[in-house]
Structures are given as C-alpha cells and as structure tokens.
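K.L.:
Here is how the chains run, residue by residue.
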Amino acid sequence: MLDALVEHPRRWMLKALIFLVFAQIASGSTSVALAQQPQPDPAGIATGDKSAVSDAAGNPLVIAEPTDKTTPDYEQSKEAFDDYQAQAAKEPIALRLADSVGHMRIATNFSWTLLTGYLVLFMQAGFALLTCGLVRKKNAAHLMMLNFAAYVFAFLAYYACGFAFQYGGTAINAAPSNLGGTPTLNHFLLGRGLWGILGGKGFFLSGPGYDAGSLCLTLFEVVFMETAGYIIVGAICERITFWAFLLCELFIGGILYPVFGCWVWGGGWMSQLGTTMHLGHGYVDFAGSTVVHGIGGFCAMALAVILGPRLGKYGPDGKPRAFPAHNLVFVVTGTFILLFGWMGFNPGSTLGASDLRISVVAVNTNLAAVAGSAAALLLWYFMFGKPDITMACNGMLAGLVAITAPCAFVSPSSAVIIGILAGVLVCLGVLFNERVLKVDDPCGAISVHGYCGWLGAVSVGLFADGTYGAGWNSVGVASYLGKAGQGVTGLLHGDSSQFLIQVAGATLMAVYSFGFTYVVFRMVNSVRSMRVSQEAELSGLDVPEFGMVAYPEDAVELLAAGSQQQGA
Amino acid sequence: MKRIDAIVRPDKVDAVKASLLALGITGLTIVEARGFGRQKGHTETYRGAEYSLDFLPKLLITLLVVDELLEPAIAGIMENARTGHIGDGKIFVTSLDEVIRIRTGERGQLAI
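Protein chains in written order, with this note's numbering: chain A, 34 to 601; chain B, 2 to 113.
With the rest of the complex left out, here is chain A:
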C-alpha cells in the first residue's frame, strides 16, 4: 500500500479528499463549529415545552426579550416581556404546567402528522391498482413491479441525501414549529440566508437528522416524495426497461424532487421571495400541486418523450389507436384509495392537528375531487357520446391535484370552481398530448399531475381569500395589505403580486423538471437504450422482464406445478 501511495500520490490524495468531503457532509458540520449547534433529541424527551404553547390565534405564551432597540415597537415589546416575566415569577407552577401543555401540543401534532403520513403511504396501493388496471393485461406484472420498486428505491435515495437536500436548512426560514421547530436542520449546502438553494444537514438521517421532530417530518415528507416517484410510472410504462426505471427513481428521490422541494418548502429562495422581492407571500404551494405532482408530471413527460410512443400506438397515417384498459375494477378501486389517501396528503400538510384549518382543507379537497370528476365525465359524455370511466377517474385525480396547492387558502365554492377547471383541463390535456404532441401517456399522468399541478399553483394566486396563512413565509406577520391577520391573498381578492409569483413559480417548476430530466436521461439513453426490445414489447413485458405473468388464470403451467414425479 505504501508503494502505491508513493507511485500514485495524486490518486491517493484525490481519494482522501473525496473521503473527507463525504465525512464532512455526513456529519453535517461543514461550516459551523459543533459546540454552538442545537443538539438533536432522538428520544423525544426534550421536544415540546412551554415555548410551544400558544392560544387559538397563535399568540405564544412565552414572550421573548426584544433585542433590537431601533425597531418602532420596541417599547411595547419590552413592556409585554416585562409583564410576562413578572407573571412567571409569581406563578412558577403555571410555567411547569405550560411545559407539559407544550409537550402535549407537540405530541398531538406528531400523531396527526404520522397518521396522515400513513394515509399518504396507502396511496401507493391506489396508484398500483390504477395504473395496472389502465394498461394491457400482458404488462400487468410489469406495472406492479414498477410501483413496488418505486417505493423501495426512491425511499433509499431520499434517506441517503434527498431529505438533507430538501430540509437540511429548513430551520433557517421555515422551521416546522408544529413539530418543535427541528432546530438541528439549520444549514444550506448551497446558498445562504434568504437565498437557500440546497439543504445540507441530515444526510443518512444521522447526526442532526437523528432527532424525533426531524424524523417525524422525514416520515411525512418521504411519502410525498414517493408520490412524485410513482407518478412517472403512468407515462413510461409498457416500454421502459427495469434498470432504467430504477435509475429514474434514484434520480427523483435523491435529486430532482428534493431540490425543488428545498426551494419551496425547505425555506429556500422561492419561498422567501415575499421578503426579498415583495412578491406576495413568496411562492406558495400548500401541499404540493407543483412540488410533488408537477415535478412528477413533467419528469414523466420528459421520459415519455425520450422513450417514444408504444409500438403500434400511432398508425401509418399518424392517427392514435386505443389500447383499452384491461381492468376497470382496479382503476376505480385505485382511484378511491387515492382519494382516501389524499385525506392525509392535504389536511396532513398543516403538520399538526392544532391547526384547526384542517377541516376546511379536508372538505375543499373532497369538493374539488367530485367537481373535477363530474366535469370530466360530463364533458366526455358530451364530446364522445358515452362517459369514459377512466376519464372520470382521471378527472377526480385532476381535481385533487389542482386543489392540493390552494386547499388551505380558498373557500369551498372556490374549490368547486378549481375542480371544474381541472376536470376540463385534464380532458383537453389528454387529447392534446395524444393528438397534437403525440406523446404517448398510457395513464394520463402528464395531464393529471403536470398540467393540473401547474393549474393548482396558479389557483392559489387567483382564488386565495386571505382568511388563512397570516405570516406565511414570514410575510405580513403584523398585517398584510393594510389588515391585521390578512393571509395569503389571490388576484380576485386584491393581491396581484401573489398571482404573478404563482404563475412564474409554477412555470419555472415545469421548465426545471422537464429540462433537468430530459438532459440527464437523454445522456443515459445515448449510452444504452432505456427501451425494451421490440419482441419483448410485443409479447408484453411480464415474461421477458420478470419471468412471470400477473394473473393465476394465465399461468397454465402452475396448475401442474408440484405434480411431477417425486425425486428421492
């Protein structure tokens, strides 16, 4: 080994350097001395004390000492602080009681966040059924394997680096106070302050990431990432090789999704544009119309363009042919499981049951779902003479995707309008993709998640009524648009700058997701084709790729399995 060191000093130095950089990242202590860092709380016994106690309007019990004497309301703050100190000195038992009330509040929010996270996890089953039902029977096992592997491999990528990239700096600008604030996630790898680009703590969920509050966030966010991960299945199925699909999942879970997620949810630069550029409350996406669904939808579009349409999808005259769904029972069951899971997806995004807006969110989510479904169903009925069951299901999902960003900020009637818009958009999007762009999307994933995701973010800028989200992204904590308690407000309620940032942000999302995916996988595809052989595609991918058929009635040989002559 010493000889090698003498002979190839540069190679060894490079190896040592890579090791050091990796160790630095893994320990999460790249720039700040360890001694000053908040300590993680893996046991969960130090998370939630009196500082987490607040009244229904969100006013905290504990009042911090004002430090900046130059602010205009310094005197007022100082007086409030002195009052609090005097009260606290008089009633020490109340402070100890407040500690347990604060702990209970965080505990309630943990329960809510984890339970809704489990609901979102169940959406995986819904999507597996939906996409499997929508394809041809000869690819059913292939679809099941894609949905299964998406969960497994994207999860591991998110564990290794995805979570750290997305939330490694969340305590700087977007501390989830409902979960105790995750103070250990406080470093941006790229960018700083209000211009964070990439989080930098919590790699491999170790060190600063090995914390009860942080891991509660991890569980909830990893199932969101999985949603983006399985969206692509709907557009690339029936022709992609399994190895290429695994690469796609590692790419989404490790890089594509977390980067944009950091910009919007991890306290990154897009969320802070309200403070830095005076654009509304910054870019607002409550539960992920763009962060989750848009990213998945446009990534799927880039992959579908690279792969090309399925064999025989277009005739010699360029006319699209129908490849009918093989199991509508799966399609409808899967859609309802997704609707049920969405009851975790949107209401859970408050990250806490102590935020009573959850009931509004839940009703809005359901309303948009039924409105979207009704719009798509009736439009199809009118256009083609018969309602299409698969389009009715796509319409329901379109309504859900579109309400995901605005669900907390709009009224129930606005939710119905958003659902109808989404139901119409998804139909037009499916026809546009199939007939004009000629991008083959077997399950309509691009239209449902991409186009309607974009619509969802824009809907915030249109319909948000200002009743919720005061102080969102640190904008308008005291008052907004001249009114105390005014929350996120859309164009129809008087804030045009919010509309502007929503349109710009959602469009940037589409360009980022499509562009990044296209560049990366064009290169992969040029090294080795990501598509299965023609023979495999024609016979169905189940046997060539996985050596099995999906349904027992197709496995004739299995009836005889075990009946051969027994050996010694």
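In short, the hints are calculated from the structure, not lab data. Computed from a predicted structure; not experimentally measured. Note that the Cβ used here is the ideal one computed from N, Cα and C, for glycine as well. Be careful, since some hints might not be right.
As the list claims (entries may be wrong) - The list that follows gives simulated cross-link-like pairs (lysine to aspartate or glutamate, EDC-like), each with its CA atoms no further than 20 Å apart: (1) LYS419(A) / GLU33(B); (2) LYS346(A) / ASP98(B); (3) LYS346(A) / GLU69(B); (4) LYS170(A) / ASP6(B); (5) LYS352(A) / ASP89(B); (6) LYS419(A) / ASP98(B); (7) LYS171(A) / ASP498(A); (8) LYS170(A) / ASP55(B); (9) LYS471(A) / GLU51(B).
Said to hold, decoys possible - Partial chain A-side listing against chain B, Cβ under 10 Å, derived: (10) PRO349; (11) ASP350; (12) LYS352; (13) PRO353; (14) ALA355; (15) PRO357; (16) GLY418; (17) VAL463; (18) LEU464; (19) GLY477.
To be verified - Which residues of chain A face chain B? A partial, calculated answer using Cβ under 10 Å: (20) LYS171; (21) ARG354; (22) MET416; (23) PHE417; (24) ASP421; (25) ASN427; (26) LEU525.
Please build the complex by placing chain B on the supplied structure of chain A, with the hints as guidance.
P.N.:
Below, chain B without anything else, positioned relative to chain A:
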C-alpha cells in the same frame, strides 16, 4: 353418433341447456369463445381514440348425440338460441368415429 358444436349468445345458454336436458342428453361441455361473423364486430372509443371490438363474446356448446337425437337437438338449440338479430351464432355437425369413456373403457354409444 354425431358431435354438435353450437356457437350461441352467452345469455341463451340456460334455455338451450334446459331444452337439451329435456331431450335426455347425458352430457354437455361449454367453452367461452370469441369471434365475428359477417358483420365483423363494431367500434367503440377509449379515451378519445376509436377501436374495433371484432371478437364478441360467445359460448361454444359441445355435445355428443346418437343419430336419432340429432334433429330434435338441433331444433331445441334453434328454438332457444334464436333472436332473429345479427349475432345469433351457428351450429356445426360432424360425424364421430369413436367415443371412449376413460374410467371404464366403454366404447361407442355406451360411452356417450
């Protein structure tokens, strides 16, 4: 001995079976079949694209009869499977060289 293969509408099979049982036939085999005749199916749309449903679902009834029962069996099928519309199906009749019951080894008319 004759073999009758009748392609009928799936919803007619019960009536056909009842009439054949009344004649005293001793066995019946059906197979789910798909096919088209002179009309060549029809077209439907799926997610906005047209496709043709060429192979419509039918049932293929197979039964073996002694020569004397052939005409009554055909009459029974005709009477019960017929609607008068396109797609009522067809009846094929072939002569049988031999029939063997596997369990007992009986041959010919005894095995029907």
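K.L.:
Honestly, which of those hints from before does the structure not fit?
P.N.:
When the structure is compared with the hints, numbers 1, 2, 3, 4, 5, 6, 7, 10, 11, 20 and 26 turn out to be violated.
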